[in-house]
Amino acid sequence: SPSWSGLNTNRKMRADGDDSLYPIAVLIDELRNEDVQLRLNSIKKLSTIALALGVERTRTELLPFLTDTIYDEDEVLLALAEQLGNFTMLVGGPEYVHCLLPPLESLATVEETVVRDKAVESLRKISQEHSPVDLEVHFEPLVKRLASGDWFTSRTSACGLFSVCYPRVSSTVKAEIRQHFRTLCSDDTPMVRRAAASKLGEFAKVLELDYVKSDIISLFTALASDEQDSVRLLAVEACVSIATLLPQEDLETLVMPTLRQAAEDKSWRVRYMVADKFSELQKAVGPEITKNDLVPAFQNLLKDCEAEVRAAAANKVKEFCENLPEDNREQIIMTHILPCVKELVSDTNQHVKSALASVIMGLSTILGKDNTIEHLLPLFLAQLKDECPEVRLNIISNLDCVNEVIGIRQLSQSLLPAIVELAEDAKWRVRLAIIEYMPLLAGQLGVEFFDEKLNTLCMAWLIDHVYAIREAATCNLMKLVEKFGADWAQNTIVPKVLGMANDPNYLHRMTTLFCINALSDVCGRDITTKQMLPVVLKMSEDQVANVRFNVAKSLQKIGPVLEKITLQNQVKPVLDKLATDKDMDVKYFAHEALSGECLPYEYS
Amino acid sequence: MAAKDGSKMSAAAIAAEKVDGFTRKSVRKAQQRQRRSLSSSQGSSQFRTHGAVPVDLSLSPLPQLMPECVNQQELFTQKLQQCCVLFDFFDSVTDLKSKEVKRATLNELVDYVSTNRGVLVEAAYPDITNMIITNIFRTLPPSDNPDFDPEEDEPTLEASWPHMQLVYEFLLRFLENPDFQPSIAKRYIDQRFVLQLLELFDTEDPRERDFLKTILHRIYGKFLGLRAFIRKQINNIFLRFIYESEHFNGVAELLEILGSIINGFALPLKAEHKQFLMKVLLPLHTAKALVLFHAQLAYCIVQFLEKDPTLTEPVIRGLLKFWPKTCSQKEVMFLGEMEEILDVIEPTQFKKIQEPLFKQISKCVTNPHFQVAERALYLWNNEYILSLIEENIDKILPLMFGSLYRISKEHWNPTIVALVYNVLKTLMEMNGSLFDDLTASYKNDRQRCGTPSRLNNPYPHTLSS
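Protein chains in written order, with full-length UniProt numbering: chain S, 1 to 604; chain L, 1 to 465.
Just chain S, with the same shape it has in the complex (with noise of 0.2 Å):
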């Protein structure tokens, strides 16, 4: 375990006579703790150490201990890479905090990633704190050192650091990072050239723009045709980066080629790349590369063999419409996307139909009224009767946006009967998910609609085999009486749900006790008082416990709606009687309720 030679705390401090600094040399004596927790909670006490060692005796004698404790687990050394960010007022501010790069230094060479990645980090955040000498004679020399590192790991962390000295220091020493990171672009393990290519943006963009094109390009070319697709796909990120920075005018010259290839990558990971960033690179490359370029790119990801790069693309169809240029969008739509849309209503995969699914109903505000009855309609009606219930569910869910533009009426002929089928599907976590759009679709179909068609159904499931829906059932009734407000409830619902009070199976009595817990706060006193206490009182009587304890919750749970000389004359009694119940819950709950917080006096 770890030795401190430098400090010896119990006996100092206590020679010393300083009592107030007993308990740091507790934590200290932790540090060095065979118990990994106890380290652990040590090290994530570090600062209160340095503060009570103060700022001299912490760059002295307490970072050359933690630089030594390198070699500890993976989770102390995480802690250890994060609090050290934090460190530059404890070691005495700005002018020293080079004193924290000799640990942290440690800590980016360690194997785990993690670990490594944070000390990056904190190295990252520290490095604003240098002033412009100290970046030189400290800092640059570290990254120097990582990045000409044996190992990888610490080549890998030293690709992260590059940008984050650039900008501040001398240009002799700006060519000597150029050439760092050009040898890291071309290191011979693909961990490295990974970790410059992903870094290759960031850097590009503190980059004087005559550089850009000078060493970035070849760089960012010689990357997007390494022998590694993983490599490959990591200078698609670039891409975006470094068509940001340049003029319009080098596009094509210089990034086109390679976006082209990308594009056309014989590795079905970079395609994928490609159709995940297209928005990106359709706002980076401007309309006119667009117009020409990336239409026919998106048309053929679009049809790619590989279903993952096409449900990749089909989940960019509407944002990549609406960056279309307007003045030819309708245009470019209708002749060159629309068809592969067409096609990919019936792909074979699911996952394609569903993300296609998800971002469809999106293209009829772009595309108007007319065209989203004629052309559009059919592909919604389609995916409505898919026989992948997400695919159908991805519809309904976003059936607000059609709303907006050609009235949901359109639609209802064939929405009900997927919504039916929905509700009925054989899987409860879709039966759930269609749950959860009701008061959403209740909202555009108006009342009569509903009423006529899906009331019957929003009564349907509280009566499900799974807990789940009925719960989830009982909180859309709630949202409805929101919508619809407390009169349609008086009419519709409540009857029904108090009608289940008297069902054979307790399961659903207990149901009509959670629609009250949910129902009375926003179907008022009136309705509470009348026509729900009246039920949930006699229920009390019930002969299986659990629904005995549940008119215990109940009224707790409606009291606050209740008036005073109510709970006095009418819930307290029974609450009285059901303190004094043979079962030991219904009397747990029972006095719950008798002392309830919210209204401890009005039952006492």
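Please keep in mind that the hints were generated in silico from the structure rather than gathered at the bench. Using N, Cα and C, we set each Cβ at its ideal position, and we do this for glycine too. All the pointers check out, no bait thrown in.
In the EDC-like style, the derived pairs of lysine to aspartate or glutamate whose C-alpha atoms are separated by at most 16 Å in a straight line are:
1. L/Lys-279 <-> S/Glu-112
2. L/Lys-363 <-> S/Glu-34
3. L/Lys-363 <-> S/Asp-35
4. L/Lys-321 <-> S/Asp-74
5. S/Lys-553 <-> S/Glu-541
6. L/Lys-325 <-> S/Glu-73
7. L/Lys-321 <-> S/Glu-34
8. L/Lys-274 <-> S/Asp-150
9. L/Lys-288 <-> S/Glu-112
10. L/Lys-321 <-> S/Glu-112
11. L/Lys-359 <-> S/Glu-34
12. L/Lys-232 <-> S/Asp-188
Here's a subset of chain S near chain L, in silico, CB distances under 10 Å, partners left out:
13. Glu-112
14. Pro-190
15. Met-191
16. Arg-269
Guided by the hints, dock chain L onto chain S, whose structure is given.
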């Protein structure tokens, strides 16, 4: 089509759901399997290469190859070129005739290179390698099943296997042909070739990985110039697996090849090899899917230790560092590996690590999971380990005594209790007086701390015994 059947979904599944609202994992898995077998339990991105222009795929049979006749070389080349045409195996009705022609031709080619001498003339090498590259090198398709569990799920099989198998067979025969000349072949079987071959090890199809394993082994044996490169690339694959992706299907196969490579390392071991052991093989133990390649990994470790016993201490310390904290299944594997290492350990090395090692074993013995405790106690069945313990009984007994004694009173599993009694008996016979001292001081400590309360006892129901 697939989901129609999905909605028909075995009645049992629906019934199961009616009862408790949850479908059992096994039922779900079975459904998924069924659904996949209907759509495609086979994958291949071979024939759907992006932007491929449809070409005329019809093949007509060429005359039979006969090694004694003239112009055979030309015919051989023609046949190799014919086999560069790729077919879509997802479509089971098209090109049936041509597919059959290619299958027969491949069969004939396999036969031709495995039974005849003098057929591998220098001019044939480019055509041969070109045919192989065209057929087997491809980007592997995305997995059908994103949470593929190699222990439970059926792998996705390569759809074009009827042809691909023969191409692999051909490659193997080509490498094994007595006339095969690495000095010529190295122009084609180069670093790029090896790199692509290694990427294929990620295939889900175990049949393909098996071929790849044998082939890579042959290449490693025949191309001295590629050896360091192959080792380095395997290193990279493992490091990516450990630190980046956690996913690679061919780890076991690559380790198996490495096992025999390590066997052939010259002594003293190069720094590169030691680094591989410490920085790649040991961290591989942290993988979630360890169970899939643990046997091969442990074999590699033991090979290293047999080569160079001075590595024992760092290796055991490394294993102790990565000792599983929560996964009992992995802990059992670690204990198994530890026994394999102890089987070959030198007594001087044993002395160096006995203390940390037996601290860990002492913890394992008290593990409430009886398989972990049992596996740890089984170490006492090993004669050699027993002799090492006896030699160092004064150091080991104090480390083990507390745990064993407590467990003999408190473990919930009667088998464990019985095993512990045997172990205690063995230890007592090794040094009776030390045993008595420890018993006395243990009881003293106990009394001082008072009898253990019910709360402190992890196995309350054994309290009455």
